[in-house]
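Peer 1: Read off the chains here:
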Amino acid sequence: MVENPLQRTPLHRLHVSLGAKMVPFAGYDMPVQYPSGIMAEHLHTRARAGLFDVSHMGQARLVGAGAAEALERLVPGDIKGLAPGRMRYTLFTNDRGGILDDLMVTQADDHLFLVVNAACKAQDFAHLQRHLGAAAMTPLADRALLALQGPAAAAVLARLAPGAPGLAFMSGAALAVDGVACFVTRSGYTGEDGFELSVPADAAERLARRLLAEPEVMPVGLGARDSLRLEAGLCLYGHDIDETTTVVEADLAWAIQKRRRAEGGFPGAAAIARELAAGAARKRVGIRPEGRAPAREGTEITDDTGATVGRITSGGFGPSADGPVAMGYVAASRAALGSALKLMVRGTPRPARIAPLPFVPHRYHRG
Amino acid sequence: MSTIKYTRDHEWIRIEGDVAVIGITDYAQSQLGDVVYVELPELGRRVEQGKEAAVVESVKAASEVYAPISGEVIAVNDALSGEPGKINGDPQGEGWFLKLRIANPKELDGLMDAKAYAAFVEDLH
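Protein chains in written order, with our numbering: chain A, 1 to 367; chain B, 1001 to 1125.
Extracted from the complex, chain B is given alone in its bound form (with noise of 0.2 Å):
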């Protein structure tokens, strides 16, 4: 069983155990459109909750993917580098970023559920 939280700023994190999983939303990949290039940040750097942990660019713009919570990166997910379209295709499965060890798992209280989610994203309309 997995947990699922969203930001405010449109990443998902998936929680498996101590590890976080960490992507952008579909309705982050439908404003940016069609993605181009990603900067992934290499193994083993710190993170910190709100601040920059990778770069995402559309034909239009560069736009920053900041990390939802602190931790360590364990792994980034270089089939983007080939197929960034994945993040449009499937931004949630396939179009993952990277994956964190947790550093305080405190930090995750401050995120919003799903269905919250979903709440936030209307009100943008």
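Next up, chain A with everything else stripped away, as it sits in the complex (with noise of 0.2 Å):
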């Protein structure tokens, strides 16, 4: 079999200089972690400031008459109400209610702002050109992504960028940080407060290099990057939420605002409408195993009688929860929280119950 070669985001060559460990990641060489490993890394972004490239993923800007409408027959969420400078979490639907992928839109002055997954981000940005009508859209290939994140960050880019600690979280702005303008949203997927850096890629590597000097920040790579997003109850695509997976089974219909949810006008709005009047057959879920042993991706749940009842779909430990914690689906007749259930660990049955997402409180900036 013939591999296409590695790509590389424009902090590759600074990863290797900080002695990062790389790994393939949705199609890039990236960092799994660095010297100071997953552990460290973890802690010290909910502790004070951790830097992640996330320039893997994908970047876009909708443009023109109607680029809101045009969006809203793709997703769910309310985009056409977003206010100058909000955010908001979305998803892209098919028509079974299912996860094409998850995608942050910001409302820029003349333009819709996107973040897809990297894995994803080919055929978002096809679906996207098949259905813009009269709108248009640009992929911005030539930027890199940062994310500082952790309760520091705050104060960490404020030496950079004054403007900064002025967002509200879930809102973005033009920003020059350090003199390189930049596009700041007050974002993340790690729980904590932090910031999201859209940067021109030929200034990635001198603005990373920057921030890393402050002594607040450690780089941090991918593991981590799945710890803490974890310990936040949050979903990786491709994981916890897929085309199989409805929006309504993965908990996920905070996110179709009250005005889509009566008009429709979205792939899969109607089987969403019917899962919620009826409520869906399965539901994602917080795990918490007894005892230290994780459970891992694939895990295999049954109750008290050996009966498959659900399985784990992100398991792992959590460096701030002190243990295993893990996320899965299971029956709705199981889902109630402190609901006892086995996991199929190495095929010995082990002792676990449904936990309240998220098992660390987010410490978002509320303003």
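All clues stand as given, with none of them false.
Within a straight-line C-alpha distance of at most 20 Å, the following computed EDC-like cross-link-like pairs (lysine to aspartate or glutamate) qualify:
#: 1; chain 1: A; residue 1: Lys21; chain 2: B; residue 2: Glu1122
#: 2; chain 1: B; residue 1: Lys1051; chain 2: B; residue 2: Asp1009
#: 3; chain 1: A; residue 1: Lys342; chain 2: B; residue 2: Glu1039
#: 4; chain 1: A; residue 1: Lys258; chain 2: A; residue 2: Glu69
#: 5; chain 1: B; residue 1: Lys1099; chain 2: B; residue 2: Glu1052
#: 6; chain 1: A; residue 1: Lys21; chain 2: B; residue 2: Asp1026
#: 7; chain 1: A; residue 1: Lys21; chain 2: B; residue 2: Asp1123
#: 8; chain 1: B; residue 1: Lys1086; chain 2: A; residue 2: Asp322
Worth flagging that the hints you see were computed from the coordinates, not collected in a lab.
Bear in mind the structure is a predicted one, so any value in this text is a computation, not a measurement.
Taking the hints as your guide, dock the two standalone chains into a single complex.
Peer 2: Take a look at the structure:
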């Protein structure tokens, strides 16, 4: 089998010079961890600030008359209702109410700014292109994306962009960061306060090094990004959500705003309305294994009689939760908080309970 | 005087008379990253050379630890359940996994000595 060579982000050289362990991820050669290790990187992000390279993700601009209307034909989020500068989490849905990808949409001054998953970006952009009508889409292939996450992120970024701490959670603005023209949003995927910086590729390494020079900031790889988002109860596309999991099953119906529920007009609207009324057959839940053994993705969930009632979709060790944490789907009848389950780990049933999400409280900047 | 040998799966084995102490190498722990959980065999279990003897889990993933030789489990390092980080901090000392009563000393012949193992690890880079 001939494999395509891995792509590199504009920060690849920086990762290698920092001693990162590089792994293939969504077609990119990405840092899974730096020499300090996943545990230290995770805990540092929760205590101070971590810098993540998420340049593999897809960035695009939608411009032109009717861009919001056009996007609303593909997603259940209220895009037309986004006030200038405001940002929203939404989903590309299919006709069955399944999920093609999840994405962030920001209403910038004269365009919509989109960030989609790396593994889905080619198909997402093709999907957009087919349905845009009079609006136009421009993929921003010449931009890197940095995430600065953690309780010290605002104080750090204030030194390079005095306007950044003024941003509310889930909003964005064009800002100069250390003189570089960036689009900055107050968002992220760790459960902490933080920012994502869309940066011209040719300035990305210099800006990343400038941020890493701040005493609070440590480079953080994809390993800790995964444990941070799992503790925060956030879905990873291709694992916790995909084309076969519906928006309602995934417990993401909060992302369908009132007007969109009433009006529909997005793929799967009828299926989702039926499921909202009748309840989904299964539900995404948080799961706490008892004891210390992690239950990984794919682990079978059973009841006391050994009958299968679901499957783990993300699981591992939560450094801040100080124990194993997981998410998965269980039959709706088993989804009540506190319900006892068994997890089949290496052929042995081990006790676990349905637990509230997130495992670690969100600490977003609510202003 | 004890002899230490190594496997291609990055276990070390220290021979003390008819008993072998087993753990994972510094290279193995560095590849795994922070260890958060270990599963050790029950006492009295007979393990076979090359078969799973224990499980070690890092934040990221679970990995098997294979028995470098066959034998009966006569001790396990219970301290690891409370402090699995010992495997990262002192893999060839306090981070030992288990002790076996050696079933067949001839099985030791196929294992690497320290010099051969160092060369083997060097080749992996």
